[in-house]
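Just so you know, the protein sequences line up as chains W and Y, in that order. Going by the working numbering, the first residue of the first sequence is number 3, and it counts up by one from there. Going by the working numbering, the first residue of the second sequence is number 272, and it counts up by one from there.
Keep in mind that the hints were calculated from the coordinates and are not lab data. There's no promise every hint is true.
To be verified - FRET-style restraints, in silico, Cβ to Cβ:
no.: 1; chain 1: W; residue 1: G69; chain 2: Y; residue 2: T313; range: 50 to 56 angstroms
no.: 2; chain 1: W; residue 1: L11; chain 2: Y; residue 2: G342; range: 31 to 37 angstroms
no.: 3; chain 1: W; residue 1: P82; chain 2: Y; residue 2: D314; range: 58 to 64 angstroms
no.: 4; chain 1: W; residue 1: A72; chain 2: Y; residue 2: T285; range: 34 to 40 angstroms
no.: 5; chain 1: Y; residue 1: T285; chain 2: W; residue 2: K57; range: 39 to 45 angstroms
no.: 6; chain 1: Y; residue 1: K315; chain 2: W; residue 2: E7; range: 31 to 37 angstroms
no.: 7; chain 1: Y; residue 1: D287; chain 2: W; residue 2: D160; range: 53 to 59 angstroms
no.: 8; chain 1: W; residue 1: A72; chain 2: Y; residue 2: G279; range: 51 to 57 angstroms
no.: 9; chain 1: W; residue 1: G35; chain 2: Y; residue 2: A351; range: 18 to 24 angstroms
no.: 10; chain 1: Y; residue 1: D287; chain 2: W; residue 2: G87; range: 46 to 52 angstroms
no.: 11; chain 1: W; residue 1: M103; chain 2: Y; residue 2: K369; range: 19 to 25 angstroms
no.: 12; chain 1: W; residue 1: M103; chain 2: Y; residue 2: E307; range: 34 to 40 angstroms
no.: 13; chain 1: W; residue 1: M103; chain 2: Y; residue 2: F317; range: 29 to 35 angstroms
no.: 14; chain 1: W; residue 1: T68; chain 2: Y; residue 2: E286; range: 44 to 50 angstroms
Stated by the list, open to error - Just a sample of chain W residues kept apart from chain Y, beta carbon distances all over 12 angstroms, derived:
no.: 15; residue: S93
no.: 16; residue: S96
no.: 17; residue: A131
Ideal placement from N, C-alpha and C gives every residue a C-beta, glycine not left out.
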Amino acid sequence: METKEKKPLEKVCIICAKGNLEDVYASLVMANGAVMEGIETNLFFTFFGLEGITKKSMNRLHTATTGNPAMKMPGGLPFPTMLGGLPGVESAVSSMMRKQMDELGMPPVDEFLEMISAGGGTIYACKLAVDMFKLKKEDLSDEVKDIITIGEFYELCDGDRTQIIFT
Amino acid sequence: MAEKTIAGTQVKVTEDGYLEDMTQWNEEIAREIAKEIGIELTDKHFEVINYLREKTFAKEALTIRSVGKSGIVDIKQLYALFPKGPLKFSSKIAGIPKPTSCI
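Please model the entire structure based on the sequences and the hints provided.
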């Protein structure tokens with residue numbers, strides 16, 4: 003007989019490897035959403051993703067204004083790549099985007115990390131990338147539980163209802 | 272849509288068990304739904320539930336962030352009151368629609 007038992011997800015391990023505003027937020031929204039659903043959540047930051055948990059940079063992340071074909075001018079016209087390369091444009095566009103996100107009730111990165119921790123989610127930094135960028139534990143958000151190796155990350159991914167998500 | 276008797280009252284519920292009509296809610300219904308989830312309601316729970324109902328009546332969108340800034344509980348306490356479903360379970364118990372927010 004066919005069974006139709008649901009097998010809900012029990013754990014997610016999310017890897018954030020890019021430091022663009024949108025990539026970091028994708029990871030944060032997915033992690034926070036999982037915590038809110040009662041799913042055990044591990045969030046692992048590596049490579050340029052470390053920007054998202056580095057105290058100095060986490061609340062001023064940028065979105066790329068060059069090489070980003072989806073970028074539009076206010077009003078919907080395409081955003082000329084030449085314009086995106088001018089000094090200050092990327093900063094201005096990024097701060098505009100952060101403002102719009104704020105209006106939608108999206109928290110800044112530091113607060114988002116706190117929300118994930120408060121719900122029981124755990125945040126890690128990748129040892130190799132931390133060494134490569136010459137960062138120290140104290141450079142990272144206080145919400146970062148530990149700096150771990152990829153082997154330790156995989157140990158956290160045990161269980162047959164676990165998914166690894168790479169953003 | 273289905274009819275269900277909760278705490279002796281006939282109410283309309285969605286497939287997921289949320290009340291269709293939040294005016295059919297009362298505290299006994301809240302206790303019964305909470306019991307099904309496995310939560311024993313305290314005064315603090317009711318403070319949160321009443322806040323959620325007020326905001327929903329005022330047609331304001333709810334997020335755990337806004338509840339965390341309500342002055343009633345912080346986010347950690349909200350999770351402690353409604354484990355594994357800070358917004359989902361609290362909304363269900365409060366008799367308001369299933370949350371539509373992603374945050």
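Checked hints:
1. W:G69 - Y:T313: 50 to 56 angstroms: Between G69 of chain W and T313 of chain Y, where Cβ atoms are some 54 angstroms apart, the hint holds.
2. W:L11 - Y:G342: 31 to 37 angstroms: Since L11 of chain W and G342 of chain Y have Cβ atoms about 33 angstroms apart, the given range 31 to 37 angstroms holds.
3. W:P82 - Y:D314: 58 to 64 angstroms: Check passed, 59 angstroms falls within 58 to 64 angstroms.
4. W:A72 - Y:T285: 34 to 40 angstroms: Since the Cβ atoms of A72 of chain W and T285 of chain Y sit about 36 angstroms apart, the hinted range of 34 to 40 angstroms holds.
5. Y:T285 - W:K57: 39 to 45 angstroms: holds (44 angstroms)
6. Y:K315 - W:E7: 31 to 37 angstroms: Given range 31 to 37 angstroms: holds, Cβ gap about 35 angstroms.
7. Y:D287 - W:D160: 53 to 59 angstroms: violated (30 angstroms)
8. W:A72 - Y:G279: 51 to 57 angstroms: 55 angstroms Cβ-Cβ, so the 51 to 57 angstroms window holds.
9. W:G35 - Y:A351: 18 to 24 angstroms: holds (19 angstroms)
10. Y:D287 - W:G87: 46 to 52 angstroms: Cβ of D287 of chain Y to Cβ of G87 of chain W: about 50 angstroms, so the range 46 to 52 angstroms holds.
11. W:M103 - Y:K369: 19 to 25 angstroms: For M103 of chain W and K369 of chain Y the Cβ distance comes to about 24 angstroms; the hint holds.
12. W:M103 - Y:E307: 34 to 40 angstroms: Since the Cβ atoms of M103 of chain W and E307 of chain Y sit about 36 angstroms apart, the hinted range of 34 to 40 angstroms holds.
13. W:M103 - Y:F317: 29 to 35 angstroms: holds (33 angstroms)
14. W:T68 - Y:E286: 44 to 50 angstroms: holds (47 angstroms)
15. S93: Since the minimum Cβ distance to chain Y is about 25 angstroms, S93 of chain W lies beyond 12 angstroms and the statement holds.
16. S96: Holds, since 20 angstroms exceeds 12 angstroms.
17. A131: holds (27 angstroms)
Hint compliance for this structure: hint 7 is the single one not met.
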